[in-house]
Amino acid sequence: MMVNGHDGQTGMKKTTLLGLLALVIRRDLVLAMRRRADVLTTLIFFVMVVSLFPLGVGPEMDMLRKMAAGVLWVAALLSSMLSLGRLFSADYLDGTLEQMMLAPQSLSMLVLGKMTAHWMVSGLPLVLMAPVLGLQFDMPVQALGVLIIGLLLGTPVLSMVGAIGAALTLGLRGGGVLLSLLVLPLCIPVLIFGTGAVEAVSTGLSAASHLSLLGALLVLALVFTPWVTAQALRISME
Amino acid sequence: MAINWFKYSAPTTFYGLAGKLIPWFAFSSAILFVVGLYIGFAVAPADYQQGEFYRIIFIHVPSSILSMFLYLVMAGYAALGLIFNTRLSAMMATAIAPTGALFAFISLWTGALWGKPMWGAWWVWDARLTSELILLFLYLGFIALHASIDDPRRADRASALLAIVGSVNVPIIYFSVQWWNTLHQGSTIKFSGTSMHVAMQQAMFITLAACWLYAIAVVLARVRSIILERERNTTWITELPEVRS
Amino acid sequence: MSGLDIWMRENPLAYVWLGSYAVAFFIFTIEIAMVRHKRKITLQQVRLMREAEDEARDDKFGGND
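Protein chains in written order, with the numbering used here: chain A, 17 to 254; chain B, 60 to 304; chain C, 25 to 89.
Possibly wrong hints are sitting among the right ones.
[Unchecked claim] Looking from chain B toward chain C, a few residues come up when the C-beta cut is under 7 Å (computed):
{"id": "1", "residue": "84"}
{"id": "2", "residue": "110"}
{"id": "3", "residue": "161"}
{"id": "4", "residue": "281"}
{"id": "5", "residue": "288"}
[Said to hold, decoys possible] Away from chain C, derived, C-beta distances all over 10 Å, residues of chain B:
{"id": "6", "residue": "90"}
{"id": "7", "residue": "124"}
{"id": "8", "residue": "211"}
It is worth saying that the hints were derived from the structure and are not from the lab.
Idealized CB from N, CA, C, for every residue including glycine.
The task is simple: from the sequences and hints, build the whole structure.
Structure follows, in structure tokens:
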């Protein structure tokens, strides 16, 4: 297992790009599994925020059904912000990040690996949890399906756009709040298309256009954000 | 010392040039405001639909246009600073941000005041108002990021990257908000923009120019302070008459 | 609320001037004041630094910068 920076360095030398990606993902997943509490906290936060809404606005099922998608999406947005601070900070503190930047392999690819691992740890559990919470809001099955597809397409974008913010605020005081301030406005399109898809289905329209726009955002993010995040890391580390 | 002087020649000449230009921009801005508002309030007739309320347009539209335009200019300077490593561009980007944010705020404020008599509500989730609000958030993010990094070089470069990412995002955000708005059909009231009286148009263009000149004057004044602050260890700063006195 | 509504309909120009233009020009004034203040403070700082440097140079001949 490539857990510490030096082993990773020697191991990466002979790997292809995809191998490198898998290596970084596996390393981050192993690290995350050692700190399971962090993963659980994000998930619990998500569940809690969603459960607070009925208490805040009242238990009328009609209203709750209407706002379910929005509530779930906003909660997902907020809880992905929570875990973003940890994306680079541990590696930054123990010097692994510096090693990664000195490594001959492309930093963008390493960053993509870290983003993917971050999504698997903090995004995927939310997606899996969402149907249960959706049922609490009495969402119809069809809408639930679209919500899940939307979250599957959208939460990686949140992780990737968030990574830019995480890299820019690396090592700053008050980084967490600042990070949300920077990243949340950039995530608004994801929120709009994600909730729009559910709303389209529940009004009897097709969600295809919303979902394909979400897909387009995902592709755009996949192409650009690893490189931008790598640049941001270079700026923060120099 | 000669090398020093050459190295900082761009901010040096710019500092003096900006100092000479600021009064002209400020003066012409004031004149244009007076002329534009005179035409807007005394010459232009009341709108047959909106009565006197439409006269908010002479501050609302210029500040909206400028808030968007200044963000692009800021991102442009930020990109220049990041690519060519010119320090003056980064300083310009930093100097533009507060003015842009204030124009975004004025645009939101006057939009709300316009909305009350027209739509009966202070705030309507109209596509343009919502985009303007998000633009204000983007400005605030830029300013907050720059303010929280102590090392000026890192602050410049990090916030420059953020500005570029933001400017790439602006069209996406605008499109998605428009999409969201048409989906919800909240407000379908359109302003009678096409049937504008000539005097209204003239007044609007003149106040737009006035706001523009004002923005240039304020940004130049702010960038002069930033130059002073950043370059205070150089000889040319210590030889400036205002420092010597 | 309705009181404001009635006042607004009766005095549209006052509403426009006080609500929009007065606020906008107030913001402009504040911004100008802030810019001037910043200039004053920065100039003071630079002057102080220069004086400190001059003193240091007097104390120790040949100080760089």
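The hints, checked one at a time:
no.	hint	verdict
1	84	violated (12 Å)
2	110	holds (6 Å)
3	161	holds (6 Å)
4	281	holds (5 Å)
5	288	holds (5 Å)
6	90	holds (15 Å)
7	124	holds (14 Å)
8	211	holds (14 Å)
Violation of the numbered hints given earlier is confined to hint 1; every other hint is satisfied by the structure.
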